[in-house]
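Trainee: Sequence:
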Amino acid sequence: MLSGAEKRSEPVTKYVINGGNPLNGEVEISGAKNAAVAIIPAALMVDGVCRIENLPQISDVTLLLNILKEMGADIRLVNKKTIDIDCTHVGTSTATFSSMRRIRASYYLIGALLGRFGNAHVAMPGGCNFGGVRPIDQHIKGFTAMGAKVNISNGIVSAVTDVRLKGASVYLDVVSVGATINTMLAATLADGMTVIENAAREPHIVDLANFLNSMGADVRGAGTNVIKIRGVKRLRGGFYSIIPDQIEAGTYMAAVAGAGGRVVIRDVIPKHLECITLKLLEMGVSVANNGDNVVVSRSGPLLKTSIKTLPYPGFPTDMQPQMSAVLCLAEGISTVTEGVWDNRFKYVDELTRMGGEIRVSGRTAIIEGVPYLTGATLKAGDLRAGAALVIAGLCAKGTTMVEGVNYIERGYEKMIKKLTTLGADVKSVYFADEQMLTGSSAG
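Residues in the sequence shown are numbered from 1 upward in steps of one, following the working numbering.
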C-alpha cells in the first residue's frame, strides 16, 4: 500500500479545450445511438444473419456486441460501420455479465430473450445516473400482460412463462421509450396481437419497428401513440441501415450556436430536428435545411428563450443540458423546464463554476445570460451533461478540462476529431500520476 505523498492517482483521459474559436466547415452525423442499442438486442430474435449498417462507433455499441458474443452470437465486422450478426446458435436466456451494469440499454435483452425463449434472466442495467428515478415498472407491466411472471432478486431480473407469450393490450401509465421498446420486442414473436397504447413516438422507436419489419415482423403504428404488433413465428435474416442520430446532430447545432461560425451538418433527417431548430431560430441562430443536410450559423447575439422538454415530437430531454450551456451566454433571462425526468440538473454546478448564472427550483432552471464563461476543470456526470460541458468549454475564455469523458464516449462517435475538423482547439489527453503523458486531437 502506498501512503501520503507516495499515493498515485489513477490514470485518466480528459478533454482539454482552449475556447474562443468559432466553428466552421462540415460534420457528418453518425448512426443513432438510441436506435442501435435497441436494434442490436433485437438481433437475438433473428433466425439467420442480419447485416446492420451505419452503426455508430461508440462504447455502448461495443459493450452490447460483446455481451451478445458472450452469449454465443457470431459477430463479423464487415467495415467500421457495418456488422453481420448471427444469433442462431445462442442457446441461453441468461445474460448476467458484469459489463451489463455499465449500460442502461442492456434491459432490452429482457424483451428480446423473453420473446425468443419464453424466459429471460438479465442483470439490472447501469448507464447514466443524472439523479432521476428510472424504474422499469412499465416494462414489467408489458411483460406481465403477455403472460410472463417477473421477479427481481439480487440484481437479476427474471421473466418466465410456461408457454409462448400471448398478445395483449398494454396501456403505459407514462410515455416511456424503454417500456415501449421492450414491449415491442417481447410481442414480436408472441402468439396473437399486442396493442401498446400511450406509446412513445421517438424516431428510434420507428427505426426499431422498421428493422423488425425488414426481418419479417408485423409492427404497425410506430411513430404514433398506438402501436400494434401481430406476433410471427420467426424472424429471418436481412439488411438494415440505422437512421442518423438526432441528438448528435442537435449537439453540433448547439455547439455552433454557442461558439459562433457556420457549419454544414450532413446526413441528417431534418424533420427529426424540427423542435431543436425552432428553439435555435428563437435564439437568433440561422438554420437552413438543404436535403439531408442542415446549415447552422450565428454571428449576432444570442437571445433568451424558454424550453420545456417533452416526449417526441416535443423538445428532447437529451438536448436539455446542451441548450442550457448555450443559454448561459444569451441576452436576458431564459427558463429551462425538465418535463421528462425528476432531476436532470446535476451539471448546473459545473456551469456555475465557469461563471454561469443559473438557479434551479424543482424541475426548472432559471438562466441569466452572462457576457462570457471562463475555463475551469469540470467533471461530466452523464452522457449529455458531458456534451454540455464540452460546448461550454468551446465558448469559454481560457482553458477548460473535462473529466469523466467515458460518459461522453458512450454516445458520441469521434467527437474530438469532428470538433477539431471544425476548427476547435480540443484534445483528448491521457494523464497519469497527475502528469500529462500523451495528447491527441484525432479522438
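These are computed hints drawn from the structure, not numbers from a lab. Any given hint might turn out to be false.
Calculated lysine-lysine pairs in the DSS-like style (CA-CA distance at most 25 Å, straight line) [claimed, not checked]: (1) 69 <-> 81; (2) 414 <-> 81; (3) 141 <-> 80; (4) 271 <-> 233; (5) 141 <-> 69; (6) 233 <-> 166; (7) 379 <-> 397; (8) 346 <-> 81.
Derived CB-CB ranges, DEER-like [what the hints assert, rightly or not]: (9) 337 <-> 370: 35 to 41 Å; (10) 101 <-> 299: 27 to 33 Å; (11) 193 <-> 352: 48 to 54 Å; (12) 417 <-> 343: 41 to 47 Å; (13) 174 <-> 154: 39 to 45 Å; (14) 137 <-> 425: 45 to 51 Å; (15) 274 <-> 88: 38 to 44 Å; (16) 241 <-> 88: 18 to 24 Å; (17) 299 <-> 92: 45 to 51 Å; (18) 195 <-> 291: 44 to 50 Å.
Glycine is no exception: its CB is placed at the ideal position from the N, C-alpha and C atoms.
Trainee: Compare the structure with each hint and give your call.
Mentor: Okay, the hints, checked on the actual structure:
1. 69 <-> 81: This hinted pair holds, its Cα atoms lying about 18 Å apart.
2. 414 <-> 81: Holds. Residue 414 to residue 81 sits at ~13 Å (cutoff 25 Å).
3. 141 <-> 80: 38 Å, violated
4. 271 <-> 233: Not OK: residue 271 and residue 233 at ~35 Å, beyond 25 Å, violated.
5. 141 <-> 69: Distance of about 29 Å is beyond 25 Å: violated.
6. 233 <-> 166: 12 Å, holds
7. 379 <-> 397: With a Cα-Cα distance of about 18 Å, the restraint between residue 379 and residue 397 holds, given a limit of 25 Å.
8. 346 <-> 81: 33 Å, violated
9. 337 <-> 370: 35 to 41 Å: The hinted range 35 to 41 Å is violated for residue 337 and residue 370, with Cβ atoms some 21 Å apart.
10. 101 <-> 299: 27 to 33 Å: 46 Å, violated
11. 193 <-> 352: 48 to 54 Å: 52 Å, holds
12. 417 <-> 343: 41 to 47 Å: 33 Å, violated
13. 174 <-> 154: 39 to 45 Å: 27 Å, violated
14. 137 <-> 425: 45 to 51 Å: 46 Å, holds
15. 274 <-> 88: 38 to 44 Å: Holds, since residue 274 and residue 88 (Cβ atoms, about 41 Å apart) stay within the stated range.
16. 241 <-> 88: 18 to 24 Å: 22 Å, holds
17. 299 <-> 92: 45 to 51 Å: 58 Å, violated
18. 195 <-> 291: 44 to 50 Å: 37 Å, violated
Checked against the numbered hints above, the structure violates hints 3, 4, 5, 8, 9, 10, 12, 13, 17 and 18; every other hint is satisfied.
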